[in-house]
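The listed protein sequences derive, respectively, from chains Y and Z. Counting in numbering that gives the first Met the number 0, the first sequence runs from 0 upward without gaps. Counting in numbering that gives the first Met the number 0, the second sequence runs from 0 upward without gaps.
The set of hints was computed from the structure by calculation and includes no laboratory data. Mixed in with the good hints, there may be bad ones.
What the hints assert, rightly or not - With a straight-line Cα cutoff of 20 Å, these simulated DMTMM-like cross-link-like pairs (lysine to aspartate or glutamate) come out:
{"id": "1", "chain 1": "Y", "residue 1": "LYS65", "chain 2": "Y", "residue 2": "ASP79"}
{"id": "2", "chain 1": "Y", "residue 1": "LYS88", "chain 2": "Z", "residue 2": "ASP23"}
{"id": "3", "chain 1": "Z", "residue 1": "LYS48", "chain 2": "Y", "residue 2": "ASP82"}
{"id": "4", "chain 1": "Y", "residue 1": "LYS88", "chain 2": "Z", "residue 2": "ASP25"}
{"id": "5", "chain 1": "Z", "residue 1": "LYS48", "chain 2": "Y", "residue 2": "ASP79"}
Stated by the list, open to error - What follows is a list of derived Cβ distance ranges for each label pair:
{"id": "6", "chain 1": "Y", "residue 1": "LYS62", "chain 2": "Z", "residue 2": "TYR10", "range": "44 to 50 Å"}
{"id": "7", "chain 1": "Y", "residue 1": "PHE229", "chain 2": "Z", "residue 2": "HIS35", "range": "36 to 42 Å"}
{"id": "8", "chain 1": "Y", "residue 1": "ALA7", "chain 2": "Z", "residue 2": "LEU11", "range": "45 to 51 Å"}
{"id": "9", "chain 1": "Z", "residue 1": "LYS9", "chain 2": "Y", "residue 2": "ASN679", "range": "28 to 34 Å"}
{"id": "10", "chain 1": "Y", "residue 1": "ILE233", "chain 2": "Z", "residue 2": "GLY12", "range": "21 to 27 Å"}
{"id": "11", "chain 1": "Z", "residue 1": "LEU11", "chain 2": "Y", "residue 2": "LEU121", "range": "41 to 47 Å"}
{"id": "12", "chain 1": "Z", "residue 1": "GLY12", "chain 2": "Y", "residue 2": "TYR582", "range": "36 to 42 Å"}
{"id": "13", "chain 1": "Z", "residue 1": "TYR10", "chain 2": "Y", "residue 2": "SER421", "range": "50 to 56 Å"}
{"id": "14", "chain 1": "Y", "residue 1": "ILE299", "chain 2": "Z", "residue 2": "HIS35", "range": "55 to 61 Å"}
{"id": "15", "chain 1": "Y", "residue 1": "VAL665", "chain 2": "Z", "residue 2": "LEU11", "range": "56 to 62 Å"}
{"id": "16", "chain 1": "Z", "residue 1": "LEU11", "chain 2": "Y", "residue 2": "ARG76", "range": "27 to 33 Å"}
{"id": "17", "chain 1": "Y", "residue 1": "SER421", "chain 2": "Z", "residue 2": "LEU11", "range": "23 to 29 Å"}
{"id": "18", "chain 1": "Z", "residue 1": "HIS35", "chain 2": "Y", "residue 2": "LEU523", "range": "55 to 61 Å"}
None of these values were measured; they are calculated from a predicted model. Where a beta carbon is used, it is the ideal one built from N, C-alpha and C, also for glycine.
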Amino acid sequence: MTASSSGATGKIAWFFVAILGAIALGYIALNRGETINAMWILTAAVCVYLIGYRYYSLYIADKVLKADGTRMTPAFRHNDGLDYVPTNKVILFGHHFAAIAGAGPLVGPVLAAQLGYLPGMLWLLAGVILAGAVQDYIVLFVSTRRDARSLGELIKMEMGTVPGIIALIACFMIMIIILAVLAMVVVKALTHSPWGTFTVAFTIPLAIFMGIYLRFIRPGRILEISLVGFVGLIAGIMLGGQVAASPTWAPYFDLSGVALTWSLIAYGFIAAVLPVWLLLAPRDYLSTFLKIGAIVGLAIGIVLLMPDMKMPAMTKYAFGDHGPVWTGSLFPFLFITIACGAVSGFHALISSGTTPKMLANEKEARLIGYGGMLMESFVGMMALISASIIDPGVYFAMNSPLAALNPSGLADVAAAASATVSNWGFVVTPDVLTNIAADVGEKSIVSRAGGAPTLAVGMAQIIHGALGGLGSMSFWYHFAILFEALFILTSVDAGTRAARFMLQDLLGLINPTLKRTDSLFANLLATALVVMAWGYFLYVGVVDPLGGINTLWPLFGITNQMLAGIALMLCTVVLFKKKEQMYAWVTIVPSTWLVICTMSAGWYKAFSSDPAIGFFAKANQLSSLLASGNFKPNAVFKSQEAVERVIFNNQIDGFLIVFFMIVVVVMIFFTVQAALRHLNPIKIRRLKFLMHLCLPTRKIFYAAQCIKQAHNSRGLLPS
Amino acid sequence: MFENLAKAGKYLGQAARLMVGVPDYDTYVQHMRVTHPEQTPMTYEEFYKERVEARYGGKNGTTRCC
Numbered sequence: 000m001t002a003s004s005s006g007a008t009g010k011i012a013w014f015f016v017a018i019l020g021a022i023a024l025g026y027i028a029l030n031r032g033e034t035i036n037a038m039w040i041l042t043a044a045v046c047v048y049l050i051g052y053r054y055y056s057l058y059i060a061d062k063v064l065k066a067d068g069t070r071m072t073p074a075f076r077h078n079d080g081l082d083y084v085p086t087n088k089v090i091l092f093g094h095h096f097a098a099i100a101g102a103g104p105l106v107g108p109v110l111a112a113q114l115g116y117l118p119g120m121l122w123l124l125a126g127v128i129l130a131g132a133v134q135d136y137i138v139l140f141v142s143t144r145r146d147a148r149s150l151g152e153l154i155k156m157e158m159g160t161v162p163g164i165i166a167l168i169a170c171f172m173i174m175i176i177i178l179a180v181l182a183m184v185v186v187k188a189l190t191h192s193p194w195g196t197f198t199v200a201f202t203i204p205l206a207i208f209m210g211i212y213l214r215f216i217r218p219g220r221i222l223e224i225s226l227v228g229f230v231g232l233i234a235g236i237m238l239g240g241q242v243a244a245s246p247t248w249a250p251y252f253d254l255s256g257v258a259l260t261w262s263l264i265a266y267g268f269i270a271a272v273l274p275v276w277l278l279l280a281p282r283d284y285l286s287t288f289l290k291i292g293a294i295v296g297l298a299i300g301i302v303l304l305m306p307d308m309k310m311p312a313m314t315k316y317a318f319g320d321h322g323p324v325w326t327g328s329l330f331p332f333l334f335i336t337i338a339c340g341a342v343s344g345f346h347a348l349i350s351s352g353t354t355p356k357m358l359a360n361e362k363e364a365r366l367i368g369y370g371g372m373l374m375e376s377f378v379g380m381m382a383l384i385s386a387s388i389i390d391p392g393v394y395f396a397m398n399s400p401l402a403a404l405n406p407s408g409l410a411d412v413a414a415a416a417s418a419t420v421s422n423w424g425f426v427v428t429p430d431v432l433t434n435i436a437a438d439v440g441e442k443s444i445v446s447r448a449g450g451a452p453t454l455a456v457g458m459a460q461i462i463h464g465a466l467g468g469l470g471s472m473s474f475w476y477h478f479a480i481l482f483e484a485l486f487i488l489t490s491v492d493a494g495t496r497a498a499r500f501m502l503q504d505l506l507g508l509i510n511p512t513l514k515r516t517d518s519l520f521a522n523l524l525a526t527a528l529v530v531m532a533w534g535y536f537l538y539v540g541v542v543d544p545l546g547g548i549n550t551l552w553p554l555f556g557i558t559n560q561m562l563a564g565i566a567l568m569l570c571t572v573v574l575f576k577k578k579e580q581m582y583a584w585v586t587i588v589p590s591t592w593l594v595i596c597t598m599s600a601g602w603y604k605a606f607s608s609d610p611a612i613g614f615f616a617k618a619n620q621l622s623s624l625l626a627s628g629n630f631k632p633n634a635v636f637k638s639q640e641a642v643e644r645v646i647f648n649n650q651i652d653g654f655l656i657v658f659f660m661i662v663v664v665v666m667i668f669f670t671v672q673a674a675l676r677h678l679n680p681i682k683i684r685r686l687k688f689l690m691h692l693c694l695p696t697r698k699i700f701y702a703a704q705c706i707k708q709a710h711n712s713r714g715l716l717p718s
Numbered sequence: 000m001f002e003n004l005a006k007a008g009k010y011l012g013q014a015a016r017l018m019v020g021v022p023d024y025d026t027y028v029q030h031m032r033v034t035h036p037e038q039t040p041m042t043y044e045e046f047y048k049e050r051v052e053a054r055y056g057g058k059n060g061t062t063r064c065c
């Protein structure tokens, strides 16, 4: 950042950034009710990010954390050329961003667009500046200062063994929910889509070919084979169009949601026990490069095309009406629907994982931690724009559950959906729905919930338009679907493995032989348990006639934000320990906000008397329906078993939420306890007294340490 | 000009490899030469295999987000 110089030119440049941001925000504010261009949103966002980075993150670095550029980082201390390597900050930024950016920031903002673009946009901006980026940055910093320890170890170290174990169990359960909800996004996108299913299935032999090439033909030549793989992907998309058009081949790839669910569960199990080099690693390369490419392409596309926002700034669902995409009011549900992109607890696991092992200088943590999260928020903003440039009627027809769009089970789904959505106030004709379906090469786009298809329609419009009509809409739509499905599948595979190791660690407490990762039996058992766990949530979500996204996404959002709250509590304890408690508001404010949002959202989801929101209320409502004997099979519930299943699932979800709420309360208790311990003045006085007593010994000890460190650093630093 | 381009290309390649968990091989060899001159560094192929196992083998925990 050249402008971080204290020179006059720098100050003038920042003044203009501030003015530009204010103009863009003002334009958005003053033109409510009229369509505005997406460029205003993008400009306002970029200005806010720049100012937040330049001023707030610098304040955190200088005043709160007192980052010290002369302090040795773990990358130097433990330099082994492999895990611990001092790395150029720009290269490390790329690594960190690739690790944090996944499907989350693409899906959440699309779902939140039901309130209109404004609430989502404001939360993305405020959330990232004050909470998300702060969390990522401070956790990265704390982990760097503590030998690159992981989040679980840090909590154990700073708050005690019990909170450490609780945090580990919570992380494991969050992982399971994330895997289920991500897999469900894929199922919803591929249901009865032979084109999409074929292209995604095609990546499996493609990745295996790449894996064999990387292992035996030209070992380790990642970039050349990734290029070959990319060409293969494009060929796969084109071939998919042929397959979907062929009456002989299409039926093999035209799968129902349940069939896709079972395929995904079987696939998840097989992929997670295969050797990593065969399938996981090569597909990871493809999906990572495709992800970065698609994000850059989308950004360029928006700037070139400059599309208008068709979604209103705020819809009626922002003012208390129950929206069809997800139910609940703006507060607190907006703040858990957009998790990744604003603040995501899962990043705390990444920021305390591989990145601190490669940080060359702790002053660079600001660019990587804070800057990396700003970048993810930018991705979330582009997803919000992509969902808002398509017609609102189309948006609601795509994202609402079929039970709401077509309650009487009419044969002409498009007509039923357009009538329902127009009735909600978002006028759309059946022709528009069928035309878009034909454009993108699908039989129907009605009720393709889960965010991915909506984003794909938006992305296809942007890229197709920006390239002046190069390629067909259907090609770009399936390109976007493939890009999302590919990295979700990689996450499912890698996540199943990671969860398996976590589970084996936990099972090791019961029986030590289960902990051995080289034992085939323990490996298969733990993998099967993990796959069954997320497979269960996936299956019930897919068969839920009320739309599984409506149930699973809030569960995911609440748990992810709770983890963020816990990570920020850890940061608070560390600030108290550093005697920087007067600056601890930097973490206390976002942590408190997240606790308020997640606890009230959790309370509503568990105990609201409204069956559209509360899990237990829904279960009770259906139970009394069955008990009264008035139940007749209808378009929504086809049998009594379906009702019983929904009752059972709602109870499970309710208990899960209550469990997570208890976890948060327990963690608050341990946080306050640890912070007070560091505040206790008597103890400090006693400590100071003891330190005076030991002063001579301390001096000798320090001198010895300094000599040792000087020796070490001479040996460790490459000259 | 061409030197700068070559440098930029090298950085891009390093960045792309590190994104998928493979750090710079030359840096590793340099490190081995300076600090462990008595050991033979792994060949690039061995180095690559070791890194793939390390990234996905579970020791590093989670390597990606949602």
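Structure-based check of all given hints:
no., hint, verdict
1, LYS65/Y to ASP79/Y, "violated (28 Å)"
2, LYS88/Y to ASP23/Z, "holds (14 Å)"
3, LYS48/Z to ASP82/Y, "holds (14 Å)"
4, LYS88/Y to ASP25/Z, "holds (17 Å)"
5, LYS48/Z to ASP79/Y, "holds (16 Å)"
6, LYS62/Y to TYR10/Z: 44 to 50 Å, "violated (33 Å)"
7, PHE229/Y to HIS35/Z: 36 to 42 Å, "holds (38 Å)"
8, ALA7/Y to LEU11/Z: 45 to 51 Å, "violated (35 Å)"
9, LYS9/Z to ASN679/Y: 28 to 34 Å, "violated (54 Å)"
10, ILE233/Y to GLY12/Z: 21 to 27 Å, "holds (22 Å)"
11, LEU11/Z to LEU121/Y: 41 to 47 Å, "violated (36 Å)"
12, GLY12/Z to TYR582/Y: 36 to 42 Å, "holds (41 Å)"
13, TYR10/Z to SER421/Y: 50 to 56 Å, "holds (54 Å)"
14, ILE299/Y to HIS35/Z: 55 to 61 Å, "violated (46 Å)"
15, VAL665/Y to LEU11/Z: 56 to 62 Å, "violated (47 Å)"
16, LEU11/Z to ARG76/Y: 27 to 33 Å, "holds (29 Å)"
17, SER421/Y to LEU11/Z: 23 to 29 Å, "violated (50 Å)"
18, HIS35/Z to LEU523/Y: 55 to 61 Å, "violated (38 Å)"
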